[in-house]
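Residue numbers (the working numbering), protein chains in the order written: chain A, 65 to 402; chain B, 65 to 402; chain C, 65 to 402; chain D, 65 to 402.
The hints are simulated quantities; they were obtained by calculation from the structure and are not laboratory data.
Do not take every clue at face value.
Pairs involving identical chains hold if they fit within one copy or between any two copies, as the list cannot separate such chains.
Straight line, CA to CA, 27 Å or less: simulated BS3-like cross-link-like pairs of lysine-lysine [claimed, not checked]: (1) K105 with K66; (2) K298 with K286; (3) K313 with K340; (4) K313 with K161; (5) K105 with K340; (6) K152 with K96; (7) K152 with K396; (8) K356 with K91; (9) K392 with K80; (10) K348 with K286; (11) K198 with K348; (12) K286 with K387; (13) K286 with K161; (14) K66 with K91; (15) K91 with K230; (16) K91 with K348; (17) K198 with K105; (18) K152 with K387.
Note that the structure is a prediction, hence the values are computed from the model and not measured.
There are 4 protein chains.
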Amino acid sequence: MKKIKIGIIGAGRIGKLHAENIVNNFKNVEIKAIADVYADKIMDWARSIGIVNVYSDHRDIINDPEIDAVLICSSTNTHAQFTIEAAKAGKHIFCEKPIDFDVNRIKEALEAVEKAGVKFQVGFNRRFDHNFRKVYEMVRRGKIGLPHIIKVTSRDPQAPPIDYVKVSGGMFLDMTIHDFDMVRYLSGSEVEEVFVYAGVLVDPAIGEAGDVDTAVISLKLKNGAFAVIDNSRKAVYGYDQRVEVFGSKGSITVSNDTDSSAVLSCEEGVISEKPKYFFLERYKDSFVEELKDFFEAIEKDIEPPVTGIDGLKPVLIGLAAKKSLEEKRPVKISEIEA
Amino acid sequence: MKKIKIGIIGAGRIGKLHAENIVNNFKNVEIKAIADVYADKIMDWARSIGIVNVYSDHRDIINDPEIDAVLICSSTNTHAQFTIEAAKAGKHIFCEKPIDFDVNRIKEALEAVEKAGVKFQVGFNRRFDHNFRKVYEMVRRGKIGLPHIIKVTSRDPQAPPIDYVKVSGGMFLDMTIHDFDMVRYLSGSEVEEVFVYAGVLVDPAIGEAGDVDTAVISLKLKNGAFAVIDNSRKAVYGYDQRVEVFGSKGSITVSNDTDSSAVLSCEEGVISEKPKYFFLERYKDSFVEELKDFFEAIEKDIEPPVTGIDGLKPVLIGLAAKKSLEEKRPVKISEIEA
Amino acid sequence: MKKIKIGIIGAGRIGKLHAENIVNNFKNVEIKAIADVYADKIMDWARSIGIVNVYSDHRDIINDPEIDAVLICSSTNTHAQFTIEAAKAGKHIFCEKPIDFDVNRIKEALEAVEKAGVKFQVGFNRRFDHNFRKVYEMVRRGKIGLPHIIKVTSRDPQAPPIDYVKVSGGMFLDMTIHDFDMVRYLSGSEVEEVFVYAGVLVDPAIGEAGDVDTAVISLKLKNGAFAVIDNSRKAVYGYDQRVEVFGSKGSITVSNDTDSSAVLSCEEGVISEKPKYFFLERYKDSFVEELKDFFEAIEKDIEPPVTGIDGLKPVLIGLAAKKSLEEKRPVKISEIEA
Amino acid sequence: MKKIKIGIIGAGRIGKLHAENIVNNFKNVEIKAIADVYADKIMDWARSIGIVNVYSDHRDIINDPEIDAVLICSSTNTHAQFTIEAAKAGKHIFCEKPIDFDVNRIKEALEAVEKAGVKFQVGFNRRFDHNFRKVYEMVRRGKIGLPHIIKVTSRDPQAPPIDYVKVSGGMFLDMTIHDFDMVRYLSGSEVEEVFVYAGVLVDPAIGEAGDVDTAVISLKLKNGAFAVIDNSRKAVYGYDQRVEVFGSKGSITVSNDTDSSAVLSCEEGVISEKPKYFFLERYKDSFVEELKDFFEAIEKDIEPPVTGIDGLKPVLIGLAAKKSLEEKRPVKISEIEA
């Protein structure tokens with residue numbers, strides 16, 4: 065079978081992770097080139113995993129006729145632009161989330177994709193997590209009947225640096241966006257309306273930067289079900305990632321992953337392990353799984369499992385959540401789309 | 065020590081339960097009389113547990129100078145009236161929840177109590193449950209630091225009869241009222257505002273009766289924290305009663321009680337017991353514990369652990385929740401109090 | 065229905081517990097009298113729960129023609145003697161375990177019971193525990209197919225006083241006897257042979273008193289299955305009481321009971337409650353349940369659920385275990401019976 | 065840093081696994097050659113992961129002066145011979161377990177290793193499992209004080225084919241050998257004596273082949289502690305791999321790994337996932353971890369974590385277990401060594 069030749073644009077933490085995952089897991093995929101504005105800084109790393117071509121200009125990848133697909137792992141503000149360029153060049157595209165913070169830019173990018181007829185997948189990796197995937201499958205197989213209530217607990221182990229907060233697009237677009245995607249994924253329904261209670265309980269500096277760090281977000285879904293997300297930027301016990309889907313025939317929950325199942329019974333109590341702390345560790349396998357499906361979509365010429373619409377919708381919900389917080393009222397997603 | 069002499073008004077399910085709990089657990093308390101409009105129907109039962117005086121008119125209890133305290137276990141619409149009468153007669157009062165659905169009636173009753181200077185406790189028994197009490201104590205001892213998010217899952221095993229639904233005051237005042245109390249109890253804070261998403265997903269007949277059966281209720285607390293309650297009238301796997309309090313130093317959760325800890329590993333999976341199904345079974349010990357504190361308050365002349373205010377506030381929140389559902393907006397509790 | 069009139073012989077901790085359980089739970093049972101060598105010391109307690117007749121001589125109970133049944137709760141060395149006397153007087157008998165440490169004395173007592181045709185139940189209360197009963201029922205209903213391996217973990221929270229150790233009959237007859245009963249109960253099979261590894265790891269004083277405090281005891285059952293019991297006199301985290309029955313179609317386990325289901329996630333870890341510490345607390349309900357069945361056996365004239373043979377067999381196994389430890393070899397139960 | 069050049073002898077299931085793990089995980093290790101008696105059958109696979117040299121004669125590896133270390137993954141009866149040959153050629157050796165079933169052959173091999181001064185590690189991969197390693201570390205850090213009782217539950221999901229049973233060396237040397245190693249690993253002590261109860265409860269054909277399929281194995285350790293292993297060749301619910309170490313300051317347990325943490329609450333019960341079914345899946349990461357330590361031992365010139373003695377001792381215990389079963393008595397390990 066002919067190998068898929070890919071180029072990776074952006075070699076930060078996530079770009080490197082994808083590169084290494086590809087080298088270690090996909091024999092039928094070849095990383096022909098990688099581009100990063102700091103090309104010289106990644107040279108050694110790239111060579112060590114067998115990548116020969118290292119560019120500072122992403123266009124060297126986009127213009128390479130041998131390259132079948134690109135992974136866009138650069139900074140968020142470049143995602144839409146690079147998507148458009150890559151689509152025009154006929155490359156299949158795996159784009160890290162979010163596509164953009166601006167709805168029109170996203171739509172522009174998705175139109176370019178559609179016009180070019182290339183595959184396009186957004187990096188909502190959590191859909192490929194063993195726990196959430198299992199919930200998804202059980203819901204689809206009717207194990208809980210019709211979904212009535214979806215609950216997502218999503219708490220970071222520690223707040224990001226304030227410099228990051230300032231450019232993050234705000235908690236709803238930076239962190240909750242994954243949870244909005246999870247609600248859509250697990251419920252199989254679009255979101256109709258959102259209402260937010262949020263505040264600054266973790267760190268006043270986050271508030272000074274114009275953001276919030278704690279939130280309870282209620283959602284009304286088009287299929288009649290309801291959802292609620294609770295977020296915190298700081299759970300001292302680790303990265304807390306749980307969901308529950310409750311329905312007419314039962315309920316499914318998933319709890320946190322831990323490093324081991326060891327339980328110590330001693331005078332102080334019965335003590336088990338804290339949740340895995342770091343998201344790259346917690347969601348390790350999901351990053352491989354999402355690429356597996358992306359490459360399979362290319363090979364079999366089928367629709368990727370996370371589409372452009374899946375990239376757009378959580379941004380719309382995030383923007384509606386922002387508006388809800390500002391205007392202290394429930395906000396319909398259609399208000400944002402308009 | 066002198067025995068406390070009590071009278072019980074109302075011998076339905078809960079009145080009988082209290083009577084039997086007293087006989088079996090409180091050597092220093094004597095049930096001098098019980099009153100029920102169907103006095104003849106409870107005669108045999110009353111005798112079997114050693115209660116000699118059975119009246120059809122509650123005033124026979126209220127007018128008995130030997131009786132120190134009354135337990136008001138009659139139908140909700142009589143609670144306020146009987147409270148006023150008992151207070152005027154100088155009896156200490158244990159009143160089942162809710163005091164009334166009407167705020168002014170509640171206030172009237174509480175004024176009578178205050179004027180008389182008698183002890184008054186409301187039957188929010190869940191505060192005395194071993195699980196929730198443990199959470200309460202751990203929060204008070206600072207185990208999770210400052211509370212940021214309180215989550216209450218409260219789902220009935222099956223919907224009540226439609227005839228009951230019609231006179232129940234609506235789900236928020238009938239069922240969620242316990243959860244509103246739980247939020248106040250665990251957070252140590254008053255509620256400032258409430259926002260409701262609710263609908264009819266369990267049984268259309270409930271909708272036809274003007275009520276809802278599924279809800280996600282967000283609350284903003286005066287101490288800056290947030291809370292969320294999710295309710296369903298029908299969890300097919302049993303009575304689902306869980307809480308979580310998340311704060312600056314950690315999180316406490318409690319899960320459901322089961323009949324045993326047996327776990328069967330077999331070809332079908334690893335199967336453990338469903339939650340206890342019936343609320344009287346689930347909260348069995350809490351009904352004894354609440355009376356223990358009530359009698360102790362009388363004996364030691366101290367404030368009972370669930371006060372008149374604790375009886376009033378959840379009704380206010382429930383009414384605000386109703387208004388939020390009707391008006392599709394967040395409603396401040398102060399709007400109801402006014 | 066005519067009340068069952070009973071007398072209680074011995075008002076130590078367990079005698080008092082039974083008395084109070086009867087007063088609180090069995091309306092159809094009347095404690096007509098209680099006897100204790102220190103009659104004067106229990107007088108106030110007896111009156112407080114409504115027992116009028118308090119004797120220092122147990123024969124005042126045995127000779128009372130109105131008394132239908134006796135509960136023998138006196139010291140172990142009197143069990144067989146009182147059983148014989150009560151049987152001769154035609155009383156039904158509930159006897160605390162063990163009947164005796166001497167096999168011939170036990171047989172003598174059981175012969176007297178048989179001759180008199182009275183009901184006889186031994187106080188192996190753990191059979192009535194909600195967890196172990198559930199395992200028993202699931203095994204009987206074929207949930208795990210044929211039993212292959214039975215595992216019993218039984219560890220005390222702290223070693224008994226050395227004075228008690230000296231007269232206890234040794235750990236196997238004092239503590240493990242319950243576990244031997246549990247193996248018979250759960251497997252539905254007699255024990256054929258036993259092999260013991262045991263030593264003194266908790267407290268040298270126990271060794272000096274001629275006993276052991278830690279043991280791993282293997283058993284070969286007549287139905288072909290195997291069992292293993294592990295004992296310790298000191299589990300610092302509480303009273304550790306677990307079983308597992310593994311068979312051809314699966315496995316059932318039960319874990320420890322705790323005061324609450326509260327789980328604290330904090331920087332130190334994820335901490336849940338320790339097992340209940342005190343056996344009277346842990347097995348609280350089982351003491352009521354065993355009497356319920358005893359009284360039912362009397363009323364319905366059926367066989368009690370724990371028979372004389374059930375009282376004898378664990379003593380035989382215990383003696384075989386002792387012999388195994390002394391002679392460092394597997395010992396057949398038939399060697400003891402002979 | 066200079067790459068470690070290795071040769072793999074034997075390309076069955078485990079040889080292939082190691083090869084792929086090395087390619088995917090160890091950049092500093094190069095598989096220079098692989099040898100298998102069916103060289104032609106593995107050619108395509110070898111090429112696909114980049115191994116150029118594929119031999120049918122293992123001596124082509126042993127005689128290659130460029131090769132630093134060999135992985136012996138061939139059939140058990142060749143382990144000792146190949147170890148001797150490799151040692152004489154000055155190669156470091158990673159040898160799959162068991163080294164041999166014959167004690168003298170093992171000793172011969174270990175002498176050759178010692179004489180040559182090469183590194184030698186035995187493939188007891190479970191020591192590198194995340195769960196067992198955590199127990200090991202907690203025990204070493206004194207979390208449970210002095211170990212008193214070690215319990216190992218080890219049950220296969222299904223019995224091996226009868227043809228395999230016949231050449232397996234018997235359950236104790238084929239399956240329990242891992243558990244004997246686990247007891248030594250977790251207790252930090254040698255085993256002094258063993259006593260076995262075992263039988264044929266799973267499949268009569270196993271009995272006809274001269275083996276057993278169910279066992280309870282008690283062990284007396286040199287440090288005064290006791291251990292018990294329970295084995296079954298067939299746990300219908302999956303691969304059951306649990307341990308507990310109980311000591312003077314507490315107890316540590318580990319439970320089974322599952323594919324996800326999903327729990328379904330429905331009318332049938334509260335259902336969670338079965339243990340992972342297949343040992344290669346269950347112990348996946350441990351196979352990488354053991355090689356990591358082996359390569360590190362070579363690079364840093366330190367002792368490997370599982371030594372020749374660690375390879376020898378479990379075989380001795382296994383042979384003592386066999387003898388115990390045959391002679392129906394406890395057998396000292398020293399009886400076998402003599």
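Practice task
Check each numbered hint against the structure and report the violated ones by number, ascending.
Solution key: 4, 5, 7, 9, 10, 15, 17, 18
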